[in-house]
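As they're listed, the protein sequences go chains A and B.
Mapping of the first sequence onto this note's numbering: position 182 corresponds to residue 182, and the numbering continues sequentially without gaps.
Mapping of the second sequence onto this note's numbering: position 188 corresponds to residue 188, and the numbering continues sequentially without gaps.
Take the hints with a grain of salt, since some may be wrong.
[As the list claims (entries may be wrong)] Reference listing, derived: stretches of chain A covered by chain B, where coverage requires no fewer than 3 residues with Cβ under 8 Å from a Cβ of chain B: (1) 80 to 92; (2) 157 to 171; (3) 177 to 191.
[As the list claims (entries may be wrong)] Ranges of calculated distance between the beta carbons of each label pair, as one might list FRET restraints: (4) B/E245 / A/A353: 57 to 65 Å; (5) A/Q75 / B/L279: 45 to 53 Å; (6) A/Q219 / B/E245: 40 to 48 Å.
To be clear, the hints were calculated from the coordinates, so they are not data collected in a lab.
Fair warning: this is a prediction, and the values are worked out from it, not measured in the lab.
All C-beta atoms, glycine included, are put in the ideal place defined by N, C-alpha and C.
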Amino acid sequence: MTLRLAIIGCGKIADQHLLAFRRIGGGEVVALCDRELLMANQLGDRFGITACFADAAEMLRTTKPDVVHITTPPQGHFTLAKLCLEAGAHVYLEKPFTVTAAEAEELISLAENKKLKITAGHNYQFTLEMLEMRRLVAQDFLGGKAVHVESHWPYDLSDASYVGPILGSKTHWVRQLPGQLFHNLISHGIAKLAEFLGDEVKITAHAHQSPRLHSLNGQEVQDELRVLLRDENGTTATFCFSTQIKPGQNFLRICGPKNSLFVDNSSGTLLRLENKSYKSYLTFFVPPLKLARQHFHNARINVFNFLNGKLHQDSGMKELIEQFHRSIKTQGAPPIPYREIILTARIMDEIFAQIKNPAK
Amino acid sequence: MLMDSIVSPTDRILVTGSNGFIGTRVVENLLARGFLNLRLFVRPSSKLDKLKQILGRYSAGKNAQIVAGDLLSREDCQAAARDVSVVIHLAAGFEKSFAGAFMNSALATRNLIEAFLELGQPKRFVNVSSFAVYSNLKMERHALLDETCPLEDAPQERHDAYGFGKVQQEKIVRDYAQKRNLPFVILRPGAVYGPGKPDLSGRVGINTFGFFIHLGGGNELPLTFVDNCAEAIALAALKPGMDGEIFNVVDDETMTSREFLTARKAAKPFFSIWIPYPLAKLGSVLWENYSKKSGGQLPPVFNRRRCAAEWQGNRYSNQKLHDRLGWKQKVPLADAMKLFLAQYQ
Ligand SMILES: NC(=O)c1ccc[n+]([C@@H]2O[C@H](COP(=O)([O-])OP(=O)(O)OC[C@H]3O[C@@H](n4cnc5c(N)ncnc54)[C@H](OP(=O)(O)O)[C@@H]3O)[C@@H](O)[C@H]2O)c1
Numbered sequence: 001m002t003l004r005l006a007i008i009g010c011g012k013i014a015d016q017h018l019l020a021f022r023r024i025g026g027g028e029v030v031a032l033c034d035r036e037l038l039m040a041n042q043l044g045d046r047f048g049i050t051a052c053f054a055d056a057a058e059m060l061r062t063t064k065p066d067v068v069h070i071t072t073p074p075q076g077h078f079t080l081a082k083l084c085l086e087a088g089a090h091v092y093l094e095k096p097f098t099v100t101a102a103e104a105e106e107l108i109s110l111a112e113n114k115k116l117k118i119t120a121g122h123n124y125q126f127t128l129e130m131l132e133m134r135r136l137v138a139q140d141f142l143g144g145k146a147v148h149v150e151s152h153w154p155y156d157l158s159d160a161s162y163v164g165p166i167l168g169s170k171t172h173w174v175r176q177l178p179g180q181l182f183h184n185l186i187s188h189g190i191a192k193l194a195e196f197l198g199d200e201v202k203i204t205a206h207a208h209q210s211p212r213l214h215s216l217n218g219q220e221v222q223d224e225l226r227v228l229l230r231d232e233n234g235t236t237a238t239f240c241f242s243t244q245i246k247p248g249q250n251f252l253r254i255c256g257p258k259n260s261l262f263v264d265n266s267s268g269t270l271l272r273l274e275n276k277s278y279k280s281y282l283t284f285f286v287p288p289l290k291l292a293r294q295h296f297h298n299a300r301i302n303v304f305n306f307l308n309g310k311l312h313q314d315s316g317m318k319e320l321i322e323q324f325h326r327s328i329k330t331q332g333a334p335p336i337p338y339r340e341i342i343l344t345a346r347i348m349d350e351i352f353a354q355i356k357n358p359a360k
Numbered sequence: 001m002l003m004d005s006i007v008s009p010t011d012r013i014l015v016t017g018s019n020g021f022i023g024t025r026v027v028e029n030l031l032a033r034g035f036l037n038l039r040l041f042v043r044p045s046s047k048l049d050k051l052k053q054i055l056g057r058y059s060a061g062k063n064a065q066i067v068a069g070d071l072l073s074r075e076d077c078q079a080a081a082r083d084v085s086v087v088i089h090l091a092a093g094f095e096k097s098f099a100g101a102f103m104n105s106a107l108a109t110r111n112l113i114e115a116f117l118e119l120g121q122p123k124r125f126v127n128v129s130s131f132a133v134y135s136n137l138k139m140e141r142h143a144l145l146d147e148t149c150p151l152e153d154a155p156q157e158r159h160d161a162y163g164f165g166k167v168q169q170e171k172i173v174r175d176y177a178q179k180r181n182l183p184f185v186i187l188r189p190g191a192v193y194g195p196g197k198p199d200l201s202g203r204v205g206i207n208t209f210g211f212f213i214h215l216g217g218g219n220e221l222p223l224t225f226v227d228n229c230a231e232a233i234a235l236a237a238l239k240p241g242m243d244g245e246i247f248n249v250v251d252d253e254t255m256t257s258r259e260f261l262t263a264r265k266a267a268k269p270f271f272s273i274w275i276p277y278p279l280a281k282l283g284s285v286l287w288e289n290y291s292k293k294s295g296g297q298l299p300p301v302f303n304r305r306r307c308a309a310e311w312q313g314n315r316y317s318n319q320k321l322h323d324r325l326g327w328k329q330k331v332p333l334a335d336a337m338k339l340f341l342a343q344y345q
């Protein structure tokens with residue numbers, strides 16, 4: 001089965017989807033759609049795609065794609081995804097999946113009723129080191145359920161070209177989201193936690209504005225967020241989003257009852273932290289040497305992957321798209337369990353509710 | 001004031017990108033010519049210190065209207081273009097992504113032109129383009145590059161989002177001229193230099209690997225000092241009988257890349273190594289081939305087209321600028337270099 005793909009929303013991320021889709025091979029891009037036809041045309045010109053539309057319904061009617069990737073700002077996700085599902089197309093929805101968890105639940109149940117697949121653009125779950133982490137967890141490297149998980153998601157504000165337009169206009173779509181800047185930036189970091197948490201999560205969230213954002217006239221926008229989470233089984237987690245911490249490391253630490261794992265997404269590396277004790281002074285000599293060996297091993301793997309053309313900057317996106325499309329073709333399970341997509345959305349809802357009304 | 005101008009001093013002139021490197025100098029040029037009714041478009045997040053300093057220096061500066069908005073918003077464009085006779089359009093997209101550059105260069109221009117045609121009293125639309133629109137891939141080394149040279153037809157291969165935005169921007173201007181009689185002039189400045197822009201032009205070299213690689217060698221640079229460039233822009237906005245014309249903007253006196261770099265390093269030394277053109281070309285070809293072979297694992301930041309455009313070297317002509325616009329280089333090279341280099345002290 002050759003998948004016929006369409007894209008709705010021809011902004012910056014759409015390029016990445018098309019490049020990844022091209023690398024996977026075997027499919028066909030049948031249409032590009034953007035409310036602003038010129039945007040669809042510019043993408044089409046560069047990728048040699050002629051079917052460009054300004055109206056999603058017309059695009060679906062005319063080209064009948066198998067799968068639609070929706071890469072618009074989040075406010076359009078729910079309506080567009082519903083339209084696509086109702087037209088019988090599978091849907092890949094960029095992050096944040098929807099504006100609210102209620103919308104996420106409705107879309108997923110619609111997809112299930114229609115026997116269609118849907119996924120969220122949580123592509124950082126599918127980088128090479130995250131795949132290796134999942135392989136080890138499946139082999140019970142942790143020695144049981146995770147006891148505690150930590151996720152750090154940094155964002156660099158030194159180049160103000162991203163926040164400039166957001167701060168410049170109260171009507172900018174990012175400012176209109178319930179969680180503003182966080183809403184657009186934290187889904188990847190939260191999705192990493194959702195994988196290890198049960199469905200009933202208690203949350204405490206704190207947010208504030210950094211001095212840097214203040215100096216950029218940040219007004220009501222906040223850019224520092226700390227969250228403490230605990231699920232019904234006692235697994236705890238912390239989440240830290242920061243524009244201030246340097247170096248801005250993007251990492252996930254999974255602490256198990258036997259061993260732990262440290263996944264550094266900034267450098268594409270994974271450390272196995274094994275529970276071993278050493279006699280006397282050997283405690284100070286052996287573990288650092290063993291860690292050094294692991295670091296060396298990580299560097300060797302990255303060089304090897306690079307030489308074999310596997311270390312693409314967006315390897316996570318290619319992997320997620322490939323797995324999602326495969327699940328459509330084989331009618332298998334989608335790459336991200338629906339439970340996790342909904343949990344991510346619920347956690348985000350609760351965080352935004354708490355930081356909006358800290359007294360609550 | 002020009003003796004011969006398509007607008008009177010009280011006609012409204014809109015300048016977009018007015019707080020920018022070139023924009024501020026264009027504003028000063030217009031104020032010095034006695035224009036009393038300037039509308040200066042900026043973004044709400046734009047830095048305005050330099051612009052406000054200039055406005056403070058001229059009595060007509062008090063009348064200047066600063067309008068904050070985003071050219072991506074049609075309503076903001078309408079507010080900007082109402083009752084305007086001449087638009088000097090300098091705002092542009094410098095984003096690294098093609099979509100981002102396209103939005104702020106091409107889409108913004110479409111919005112602005114539509115608002116101008118609908119609500120303005122259109123006498124002229126001056127579109128400030130760039131040398132980035134040219135492709136010299138099929139030209140000999142050091143051949144003469146003028147307004148008739150071919151435009152880039154594969155910006156994706158050149159991996160140049162900025163150039164793509166500018167090519168598309170020009171296309172939109174020409175389309176509106178054809179379909180809706182937009183009276184336009186396009187200016188293509190070369191490498192604009194001056195105080196307020198410390199970075200060296202990519203035609204001199206690159207800093208990609210953490211140290212400066214000099215790639216321009218003995219090539220002539222298409223230099224234009226920012227005030228000389230602003231003068232050309234003002235003339236293009238005012239001079240009668242220029243509709244539909246395109247002008248390259250380079251100064252009479254220019255320098256080679258090596259001379260420019262030497263002067264720059266004398267002001268504030270830094271480490272650099274020189275790579276001769278054949279080696280740069282070989283490196284670009286290898287990089288481009290590897291990029292293709294690896295499915296873009298390394299983005300094609302170095303490639304044949306970019307190498308030709310930036311480091312192959314051309315000669316440049318400003319004959320048309322002199323002949324048709326009557327432009328003269330106001331600031332001599334020696335003075336321009338003093339002003340430029342002072343920013344490093
Ligand atoms: N510098 C050169 O060497 C050179 C050479 C050839 C051609 N040019 C052309 O000359 C023009 C001016 O360049 P420059 O060097 O003066 O650049 P600059 O200092 O970066 O100015 C660009 C201006 O565009 C504004 N802008 C960008 N997107 C906008 C939007 N969506 N709405 C409203 N304003 C927007 C920016 O506002 P913010 O301040 O808010 O960012 C800024 O004021 C450009 O068209 C460029 O392509 C420059």
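Evaluated hints:
Judged by the Cβ-Cβ criterion of 8 Å, the stretch 80 to 92 of chain A is not covered by chain B as claimed, because only 0 of its residues qualify and three are needed. Counting residues of the stretch 157 to 171 of chain A whose beta-carbon sits less than 8 Å from any beta-carbon of chain B gives 7, enough to reach three: the coverage restraint holds. Counting residues of the stretch 177 to 191 of chain A whose beta carbon lies closer than 8 Å to any beta carbon of chain B gives 0, which falls below the threshold of three, so the coverage claim is violated. Checking the proposed 57 to 65 Å range against B/E245 and A/A353 shows it holds: the Cβ atoms sit about 59 Å from each other.
The hint said 45 to 53 Å for the Cβ distance between A/Q75 and B/L279, and at roughly 51 Å that hint holds. The supplied range of 40 to 48 Å is met by A/Q219 and B/E245, whose beta-carbon atoms lie about 45 Å from each other.
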